[in-house]
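If you read the sequences in order, they're chains A and B.
Numbering follows full-length UniProt numbering, with no gaps: position 176 of the first sequence is 176.
Numbering follows full-length UniProt numbering, with no gaps: position 168 of the second sequence is 168.
Be a bit skeptical, because a hint or two may be false.
[Stated by the list, open to error] Label-pair restraints from in silico Cβ distances:
(1) A:Thr188 with B:Asp60: 55 to 65 Å
(2) B:Pro363 with A:Asp429: 33 to 43 Å
(3) A:Pro284 with B:Pro284: 38 to 48 Å
(4) A:Thr174 with B:Glu226: 25 to 35 Å
[To be verified] In silico DSSO-like cross-links for lysine-lysine, where the CA-CA straight-line distance does not exceed 30 Å:
(5) B:Lys379 with B:Lys147
(6) A:Lys67 with B:Lys379
(7) A:Lys2 with A:Lys147
(8) B:Lys329 with B:Lys379
(9) B:Lys101 with B:Lys147
(10) B:Lys147 with A:Lys147
Don't read these hints as lab results, they were simulated from the structure.
We put the beta carbon where it would ideally sit given N, CA and C, even for glycine.
The lines below spell out each chain.
2 protein chains.
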Amino acid sequence: MKCTFVEVAPESDFSIYNLPYGVYSTSSSAPQVGVAIGEYVLCMSMLSKLGLFAEINGLDAQEIFSKPQLNEFMALGRPIWRQVRQRLQEFLSDTSHPVRKLIQNTNEVSALQSQVQMHLPAQIGDYTDFYASREHATNVGMMFRGKDNALMPNWTHLPVGYHGRASSVVVSGTSLHRPNGQRRPDPTQPPVFGPSARLDYELEMAFFIGPSNDLGSPLTIEQAEERIFGMVLMNDWSARDIQAWEYVPLGPFLGKSFGTSISPWVVTMDALEPFRVMQPAQDPEPLPYLRSSCSTSLDARAGYDINLNVHIKPHEDDQYHLLTRSNLKYMYWSLRQQLVHHAINGCSMRSGDLCGTGTISGPTEESFGSMLELSWSGKNPISLGSSKAQRTFIQDNDTIRITGFCQGDGYRVGFGECIGTILPAVKLDWVN
Amino acid sequence: MKCTFVEVAPESDFSIYNLPYGVYSTSSSAPQVGVAIGEYVLCMSMLSKLGLFAEINGLDAQEIFSKPQLNEFMALGRPIWRQVRQRLQEFLSDTSHPVRKLIQNTNEVSALQSQVQMHLPAQIGDYTDFYASREHATNVGMMFRGKDNALMPNWTHLPVGYHGRASSVVVSGTSLHRPNGQRRPDPTQPPVFGPSARLDYELEMAFFIGPSNDLGSPLTIEQAEERIFGMVLMNDWSARDIQAWEYVPLGPFLGKSFGTSISPWVVTMDALEPFRVMQPAQDPEPLPYLRSSCSTSLDARAGYDINLNVHIKPHEDDQYHLLTRSNLKYMYWSLRQQLVHHAINGCSMRSGDLCGTGTISGPTEESFGSMLELSWSGKNPISLGSSKAQRTFIQDNDTIRITGFCQGDGYRVGFGECIGTILPAVKLDWVN
Numbered sequence: 001m002k003c004t005f006v007e008v009a010p011e012s013d014f015s016i017y018n019l020p021y022g023v024y025s026t027s028s029s030a031p032q033v034g035v036a037i038g039e040y041v042l043c044m045s046m047l048s049k050l051g052l053f054a055e056i057n058g059l060d061a062q063e064i065f066s067k068p069q070l071n072e073f074m075a076l077g078r079p080i081w082r083q084v085r086q087r088l089q090e091f092l093s094d095t096s097h098p099v100r101k102l103i104q105n106t107n108e109v110s111a112l113q114s115q116v117q118m119h120l121p122a123q124i125g126d127y128t129d130f131y132a133s134r135e136h137a138t139n140v141g142m143m144f145r146g147k148d149n150a151l152m153p154n155w156t157h158l159p160v161g162y163h164g165r166a167s168s169v170v171v172s173g174t175s176l177h178r179p180n181g182q183r184r185p186d187p188t189q190p191p192v193f194g195p196s197a198r199l200d201y202e203l204e205m206a207f208f209i210g211p212s213n214d215l216g217s218p219l220t221i222e223q224a225e226e227r228i229f230g231m232v233l234m235n236d237w238s239a240r241d242i243q244a245w246e247y248v249p250l251g252p253f254l255g256k257s258f259g260t261s262i263s264p265w266v267v268t269m270d271a272l273e274p275f276r277v278m279q280p281a282q283d284p285e286p287l288p289y290l291r292s293s294c295s296t297s298l299d300a301r302a303g304y305d306i307n308l309n310v311h312i313k314p315h316e317d318d319q320y321h322l323l324t325r326s327n328l329k330y331m332y333w334s335l336r337q338q339l340v341h342h343a344i345n346g347c348s349m350r351s352g353d354l355c356g357t358g359t360i361s362g363p364t365e366e367s368f369g370s371m372l373e374l375s376w377s378g379k380n381p382i383s384l385g386s387s388k389a390q391r392t393f394i395q396d397n398d399t400i401r402i403t404g405f406c407q408g409d410g411y412r413v414g415f416g417e418c419i420g421t422i423l424p425a426v427k428l429d430w431v432n
Numbered sequence: 001m002k003c004t005f006v007e008v009a010p011e012s013d014f015s016i017y018n019l020p021y022g023v024y025s026t027s028s029s030a031p032q033v034g035v036a037i038g039e040y041v042l043c044m045s046m047l048s049k050l051g052l053f054a055e056i057n058g059l060d061a062q063e064i065f066s067k068p069q070l071n072e073f074m075a076l077g078r079p080i081w082r083q084v085r086q087r088l089q090e091f092l093s094d095t096s097h098p099v100r101k102l103i104q105n106t107n108e109v110s111a112l113q114s115q116v117q118m119h120l121p122a123q124i125g126d127y128t129d130f131y132a133s134r135e136h137a138t139n140v141g142m143m144f145r146g147k148d149n150a151l152m153p154n155w156t157h158l159p160v161g162y163h164g165r166a167s168s169v170v171v172s173g174t175s176l177h178r179p180n181g182q183r184r185p186d187p188t189q190p191p192v193f194g195p196s197a198r199l200d201y202e203l204e205m206a207f208f209i210g211p212s213n214d215l216g217s218p219l220t221i222e223q224a225e226e227r228i229f230g231m232v233l234m235n236d237w238s239a240r241d242i243q244a245w246e247y248v249p250l251g252p253f254l255g256k257s258f259g260t261s262i263s264p265w266v267v268t269m270d271a272l273e274p275f276r277v278m279q280p281a282q283d284p285e286p287l288p289y290l291r292s293s294c295s296t297s298l299d300a301r302a303g304y305d306i307n308l309n310v311h312i313k314p315h316e317d318d319q320y321h322l323l324t325r326s327n328l329k330y331m332y333w334s335l336r337q338q339l340v341h342h343a344i345n346g347c348s349m350r351s352g353d354l355c356g357t358g359t360i361s362g363p364t365e366e367s368f369g370s371m372l373e374l375s376w377s378g379k380n381p382i383s384l385g386s387s388k389a390q391r392t393f394i395q396d397n398d399t400i401r402i403t404g405f406c407q408g409d410g411y412r413v414g415f416g417e418c419i420g421t422i423l424p425a426v427k428l429d430w431v432n
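Chain A on its own, in the form it takes in the complex (with noise of 0.2 Å):
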């Protein structure tokens, strides 16, 4: 299958196999769902007026794309968002298509995506973030907690996650402040306070929840599969002095909630299906309620090889440089388990609600997916290739850029990128 409707090239993320999601909006248009193909973005409520989604059972196509979020095209369905899958497909690849014969011009139904501005994909209820690589989380314990407790008992029994603050994420591109807080640098002495000095990058993904369930109703792990719309890159910066001296013994907190950052493009689960790879074998089993070899109607492999990158722009010259090369695979919970884990006990999960990975490295040094983890907490400066700036943690005006593909034959399906630069302290004369 090739799009002959505009041109993509085959390294382009956005291939006829991919069509993710997105909510963008114009200088004279506003915000309003977006498909991304190759270098230009698909005008859905306009390819609805024209018929593109007529018949489609249970879509209301031009109210539900000319909406702000994605919200109410992710509590659909699989069913709608295969048929819609389907349309897009065959209108971007067939020359003789019904529909193309209405259109004149390509721009009456797309855009440069260089000439649109980009918004959060879905007003986000609650964002949960897991903790489900087994590399980051020995890392961390290590570094935290000492090579003894590294690896807490329940870790291996069940996805890890806390509640993260929704109101703190914004889309790629979003500068953020360096988030000023209480530190304790030096344990024998009182806190003090000010910006941050361990700011940090968390290579992450996350997923949008599509269909929601009521309060008091669990998924089982064959709904929960069916129920996860899509994905997007994740930034889930971290300052890791906050975080070490307000978490215990409730979480992380303020470390976390001055942002977070996601890639704009929804890649949907069916362009993601055809890398499927199998998870990392799980020892000791699962309780039943995480467990797929009991079913037969899923699919045994629960985990996706996407290729990760994460590069610095630093403040001191203008080139990225390779941070952190990373995959999806590595990661030892799958995005079922961890929305069946967090819907057992009843909780409801809300069409447009957000779950991050949490931090995914691997089983080498290259693919640690966090400066902490890749400078040791500060210990060893990480050199940044042909540069001459050296870096422990992230300074004032650097950019960190995630980006995220899956080769495939000839094509990709990626993610586009998720980028974000940190602005100096806000400074605040009336706390001194």
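With the hints as your guide, set chain B onto chain A.
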């Protein structure tokens, strides 16, 4: 000042000095904003239509009071809240008020509370729970970590808090199923799955955020004080066994997110103003950003004298029995300290966001705000007054009721009740 519009008993929670806001519906009308007075609820959109709130600058009363949540009203800020309060008091007390003359019968603008349905007062974007009672933190710390590690080193330096789950916040009267989950009753054995065996209540209060702050814009302590709209009672239901197993290192998660109940009427800070008291002395002195001593515009009395009671109706009989008698004034960290800390890293607090205080335990055993503390982790069964029943934790079909009020001179400013019944766990045949 006396309400002459409807009769209000001296022991009523809803005197003319209170006037709390809620969202209600009737068999014939959709959810909209109401105000409680005596046994009645005032229809705010109808009063708007009659011109009671005319010419309040910046308030489109008919629009804002017809909404099914208070978020837009909360966003307007204290000067407007105060004008609305004043107009209501004039209307209710003055028999010759011009709007009174437009009304033939009280039921044109009011309904009996017993005949309406209450809803969540706001669309809660984010819900945070603090841990601001020293007595509670010490009690729980002793049980979870032993006497020497009871209060963590950070506790006296900052109001410890964590992000909670907004989707599981429910209005008083909503029954909840006992959650299923992982727990490890025998630490020498692998974890097991099933209904929580240590289900608890937590006596809390919570406050709603008024005007929001942008991401990256911390609040001063003066701003924090002005941005609290009002308070409700809260029961932070807790599955102690699930919590104990899951909470390291990232904090409470599924042990809490199966349900959190709040009372439907939001009592404004203006109504609570006469009941301010000094908060407990703070030693060590907090860092400047958490201090009011440097400010001339702040009332030094940052605490509130609010009597709080918890009763249980055990499934064995039909009577309520007292469990806890506490008071918000015991709380170590004030509301404004909680809010200023929450936003100090730049975290955006949005109108309608909810912040819980954490369990409000006092110095004596009768004031312990949870069964975990009252039964000392299940060791000492709690006698229930005249009932033959005893409890260490909540049993199926038990009902927990929280009430609270400020006692004025011949009147009360009360909160109504926060009530909930625990139903048996959902049967999950597919996981065994």
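Hint by hint, here is what the structure shows:
At about 57 Å, the beta-carbon gap between A:Thr188 and B:Asp60 stays in the expected band of 55 to 65 Å. As the Cβ distance of B:Pro363 to A:Asp429 is approximately 39 Å, the hint placing it in 33 to 43 Å holds. Between A:Pro284 and B:Pro284 the beta carbon distance is about 45 Å. The supplied range of 38 to 48 Å therefore holds. A C-beta distance of roughly 27 Å is found between A:Thr174 and B:Glu226, which places it inside the suggested range of 25 to 35 Å.
A distance of roughly 16 Å separates the Cα atoms of B:Lys379 and B:Lys147; the hinted pair therefore holds under the 30 Å criterion. Distance restraint check for A:Lys67 and B:Lys379: the Cα-Cα separation of roughly 55 Å exceeds the 30 Å cut-off, and the hinted pair is therefore not satisfied. Our distance criterion of 30 Å between C-alpha atoms is broken by A:Lys2 and A:Lys147, whose separation comes to about 52 Å. Between B:Lys329 and B:Lys379 the CA atoms are separated by roughly 29 Å; this keeps the pair inside 30 Å, and the hint holds.
At roughly 66 Å between alpha-carbon atoms, B:Lys101 and B:Lys147 are farther apart than 30 Å, so this suggested pair is violated. A threshold of 30 Å between alpha carbons decides the hint, and for B:Lys147 with A:Lys147 the separation of about 25 Å falls inside it, so the pair holds.
Checked against the numbered hints listed earlier, the structure breaks hints 6, 7, 9; every other hint is satisfied.
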